[in-house]
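Chains as they are written, first to last, in our numbering: chain A, 464 to 576; chain B, 851 to 963.
Simulated from the structure, these hints should not be mistaken for laboratory data. As the structure is a prediction and not an experimental result, all values here were calculated from the model. Mixed in with the good hints, there may be bad ones.
[Unchecked claim] Using 30 Å as the maximum straight-line C-alpha spacing, the simulated DSS-like pairs for lysine-lysine come out as follows:
| no. | chain 1 | residue 1 | chain 2 | residue 2 |
| --- | --- | --- | --- | --- |
| 1 | B | K868 | A | K512 |
| 2 | A | K568 | B | K915 |
| 3 | A | K491 | B | K868 |
| 4 | B | K907 | A | K512 |
| 5 | A | K568 | B | K959 |
| 6 | B | K915 | A | K491 |
| 7 | A | K540 | B | K861 |
| 8 | A | K531 | B | K907 |
[Said to hold, decoys possible] Okay, the calculated beta carbon distance ranges per label pair:
| no. | chain 1 | residue 1 | chain 2 | residue 2 | range |
| --- | --- | --- | --- | --- | --- |
| 9 | B | D903 | A | G464 | 25 to 31 Å |
| 10 | B | S904 | A | S477 | 47 to 53 Å |
| 11 | B | N877 | A | P503 | 21 to 27 Å |
C-beta atoms are modelled at their ideal positions from N, C-alpha and C, and glycine is treated no differently.
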Amino acid sequence: GDSVTQTEGPVTLSEGTSLTVNCSYETKQYPTLFWYVQYPGEGPQLLFKVPKANEKGSNRGFEATYNKEATSFHLQKASVQESDSAVYYCALGDGSGYNKLTFGKGTVLLVSP
Amino acid sequence: EAAVTQSPRSKVAVTGGKVTLSCHQTNNHDYMYWYRQDTGHGLRLIHYSYVADSTEKGDIPDGYKASRPSQENFSLILELASLSQTAVYFCASSDRWPTGQLYFGEGSKLTVL
Numbered sequence: 464g465d466s467v468t469q470t471e472g473p474v475t476l477s478e479g480t481s482l483t484v485n486c487s488y489e490t491k492q493y494p495t496l497f498w499y500v501q502y503p504g505e506g507p508q509l510l511f512k513v514p515k516a517n518e519k520g521s522n523r524g525f526e527a528t529y530n531k532e533a534t535s536f537h538l539q540k541a542s543v544q545e546s547d548s549a550v551y552y553c554a555l556g557d558g559s560g561y562n563k564l565t566f567g568k569g570t571v572l573l574v575s576p
Numbered sequence: 851e852a853a854v855t856q857s858p859r860s861k862v863a864v865t866g867g868k869v870t871l872s873c874h875q876t877n878n879h880d881y882m883y884w885y886r887q888d889t890g891h892g893l894r895l896i897h898y899s900y901v902a903d904s905t906e907k908g909d910i911p912d913g914y915k916a917s918r919p920s921q922e923n924f925s926l927i928l929e930l931a932s933l934s935q936t937a938v939y940f941c942a943s944s945d946r947w948p949t950g951q952l953y954f955g956e957g958s959k960l961t962v963l
């Protein structure tokens, strides 16, 4: 079946430094890829999605490129802020038509001022 | 105003008891999902539904039943709760493919003693 592997956390950074969270996936389908973010006490929410290979998604200064050849979808941000502290999930849509997502285990990001 | 609401938000149950987690959405979405969140496992799909009065098994359905009596409501039922079912449970809704975006509730924390 489908699987998603992402950077194990926690990742601890200082404000103003750069972030990379690695995400690799395995699937026999042609997937849509997503990054979700979960703030404390809330449910996950969509950060952005990329439905097509070799395209880039971005939102709130975060970006990721869907690399079909490398089966990767790494999340990056040039300069993190304390408010970015959250859990980040890479997710893979299975293409079944029912929007079923396979999530990675999540990466905890802690940003200190 | 929250579009996916879960109840209860927190529950303590005894081993062998019956637990029902409820979810209500006002998004007018056809698809609904129950995910389980555990440290070290991320989010895993238990059951989903694409139409009222019908439910489908997800990736980890054992020990869980689901019920979708209307488009707006989706319940997760643990007939015989076990210690291993202690987790946070998230309900989500989604519009028809290909949007792919899931809208999550705030979660229900279940502790089985």
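Each hint tested on the structure:
no. : hint                          : verdict
1   : B/K868 <-> A/K512             : 38 Å, violated
2   : A/K568 <-> B/K915             : 24 Å, holds
3   : A/K491 <-> B/K868             : 38 Å, violated
4   : B/K907 <-> A/K512             : 25 Å, holds
5   : A/K568 <-> B/K959             : 18 Å, holds
6   : B/K915 <-> A/K491             : 29 Å, holds
7   : A/K540 <-> B/K861             : 38 Å, violated
8   : A/K531 <-> B/K907             : 29 Å, holds
9   : B/D903 <-> A/G464: 25 to 31 Å : 27 Å, holds
10  : B/S904 <-> A/S477: 47 to 53 Å : 50 Å, holds
11  : B/N877 <-> A/P503: 21 to 27 Å : 24 Å, holds
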